[in-house]
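Below are the chains, spelled out letter by letter.
Number of protein chains: 2
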Amino acid sequence: MSPASYPSRLLEEAVNEFASLPGIGRKTAFRLVMHLLRRDSAEVKRFGETIIRLREDVCYCNVCHGISDTPVCEICNDSGRDSSVICVVENVQDVMAVENTRQFKGLYHVLGGIISPVDGVGPSDLTINQLEERVRGGGIKEIILALSTTMEGDTTNYYIYKKLAGYNTEITTLARGVAIGDILEYTDEITLGQSIVNRRQFSVAPRS
Amino acid sequence: MSPASYPSRLLEEAVNEFASLPGIGRKTAFRLVMHLLRRDSAEVKRFGETIIRLREDVCYCNVCHGISDTPVCEICNDSGRDSSVICVVENVQDVMAVENTRQFKGLYHVLGGIISPVDGVGPSDLTINQLEERVRGGGIKEIILALSTTMEGDTTNYYIYKKLAGYNTEITTLARGVAIGDILEYTDEITLGQSIVNRRQFSVAPRS
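In the order they appear, the protein sequences are chains A and B.
Count the first sequence with our numbering and you get residues 1209 to 1416, in order.
Count the second sequence with our numbering and you get residues 1209 to 1416, in order.
Note that these hints are calculated values from the structure, not bench results.
Heads up, a few of these hints could be off.
Because identical chains share one entry, a pair is satisfied inside a single copy or across any pair of copies.
[Claimed, not checked] DSS-like cross-link-like pairs, simulated, lysine-lysine; straight-line CA separation at most 27 Å:
#1 Lys1349 - Lys1370
#2 Lys1235 - Lys1313
#3 Lys1235 - Lys1370
#4 Lys1253 - Lys1235
#5 Lys1349 - Lys1253
#6 Lys1313 - Lys1253
#7 Lys1313 - Lys1371
#8 Lys1371 - Lys1235
#9 Lys1371 - Lys1253
#10 Lys1370 - Lys1313
#11 Lys1349 - Lys1313
#12 Lys1253 - Lys1370
#13 Lys1371 - Lys1349
#14 Lys1349 - Lys1235
Just so you know, these numbers come straight off a predicted model, no measurement behind them.
Next comes chain A alone, as it looks inside the complex (with noise of 0.2 Å):
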């Protein structure tokens, strides 16, 4: 379709913004523009509203830089959380990823992305110096490192790991092994030896 086609500047302007957004093409755009012009108007109406607050009031946690609404988010304003300990993470998502496995009764630290240089990604980029002086604030016994497990996330962690190395904070990685639900057949072999090296003592314990 050639943009030189729409019947309508405002339906053609509409379907520029979609088809802006990752992963959205152009045909999909103008179904959803499709789609909203069948929806009430009040609807969409409370649509665009809701996308102009979200970027206009979001605000990021002044103490773990997650998002939030207010200027320090529920998790650390939650006194009944362990505050000695901070998992180390590299967005939001994985906040919530986290505070679902209802593991976790620490605070967070949202790292903002992960060093790649190839994306242009440096530690600059990202909130390192802010978790350093957290941890140079004092209180803090343990840093979780809790990111993905790829090159970019080895990298990240070996960099807080010697930016960190000389605060009296123990600094821990999340175990690595074979996933609940993996055919062994069919898990990396780095995964394995690695799960073979650090094999630990057989316990009957459920498995959540």
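On the provided structure of chain A, position chain B as indicated by the hints.
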């Protein structure tokens, strides 16, 4: 991801809005929202405003019932086009598809759908009566039925044919260069162009 675990209400609302679009799940919605958060604030504001303006300001052409920025659309207003030939299509995407073939210089009539009892769409939900009024107004030599070659398209063709049979207007359909089962919007323009050039007298014939 349980909805309760969103770190921000603004974030959650934005994810909900995107996830309400057809074909967009919660994971994709989250990805789109995170993308918007990284975009320039002015850009996101324009996105939201474009959506609101689209729904509030868009109008439908009083003549062909297609989407338009003005009470009578550019095509219906174009004195260089042949107003004695009307091409009947399902929706605006189809107007754009036919326009892109550059094989048609008449006017359009947008039905706003297709007769589909399964989806609860009957003749009264479409602009078939308005089409009959245009024909009753006189000066229409030919009606080209350019609907998808599906069961619903055939049903709609037949309904319109019966409705307009009493008028002194030739009724043609697209040449069956379009494969049975094809959706018009996705047909390549050469096939579509040829099928307009080789349109033929409407006849009630079995599909096979």
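Hint check:
1. Taking the closest pair of Cα atoms, Lys1349 and Lys1370 come within 27 Å of each other only inside a single copy of the chain (17 Å); across copies the shortest separation is 82 Å, beyond that limit.
2. Taking the shortest alpha-carbon separations for Lys1235 and Lys1313, only the inter-copy value of 25 Å comes in at or below 27 Å, while the best intra-copy value is 45 Å.
3. Taking identical chains as interchangeable, the C-alpha atoms of Lys1235 and Lys1370 are never at most 27 Å apart, the minima being 48 Å within one chain and 34 Å between chains.
4. Taking CA atoms no more than 27 Å apart as the test, Lys1253 paired with Lys1235 passes in both settings, with 23 Å inside one copy and 23 Å between copies.
5. In this assembly of identical chains, Lys1349 and Lys1253 lie within 27 Å of each other by CA distance neither inside one copy nor across copies; the values are 48 Å within and 43 Å between.
6. Taking the closest pair of Cα atoms, Lys1313 and Lys1253 never come within 27 Å of each other, the shortest separation being 39 Å inside a single copy and 37 Å across copies.
7. With identical chains, the CA atoms of Lys1313 and Lys1371 are at most 27 Å apart within one copy only, with a shortest distance of 25 Å there and 70 Å across copies.
8. Neither within a single protomer nor between protomers do Lys1371 and Lys1235 lie at most 27 Å apart by alpha-carbon distance, with minima of 48 Å and 34 Å respectively.
9. Proximity of Lys1371 and Lys1253 under a CA criterion of 27 Å is satisfied in neither setting, with 48 Å inside one chain copy and 39 Å between copies.
10. Proximity of Lys1370 to Lys1313 under the C-alpha cut-off of 27 Å is restricted to the intra-copy arrangement: shortest distance 26 Å within a copy versus 71 Å between copies.
11. Taking CA atoms no more than 27 Å apart as the test, Lys1349 paired with Lys1313 passes inside one copy only; the shortest distance there is 14 Å, against 77 Å between copies.
12. Taking CA atoms no more than 27 Å apart as the test, Lys1253 paired with Lys1370 passes in neither setting, with 50 Å inside one copy and 41 Å between copies.
13. In the homo-oligomer, the alpha carbons of Lys1371 and Lys1349 lie at most 27 Å apart inside one protomer (16 Å), although the nearest pairing across protomers, at 81 Å, exceeds that limit.
14. For the homomeric pair Lys1349 and Lys1235, neither the shortest alpha-carbon distance inside one copy (53 Å) nor that between copies (34 Å) is at most 27 Å.
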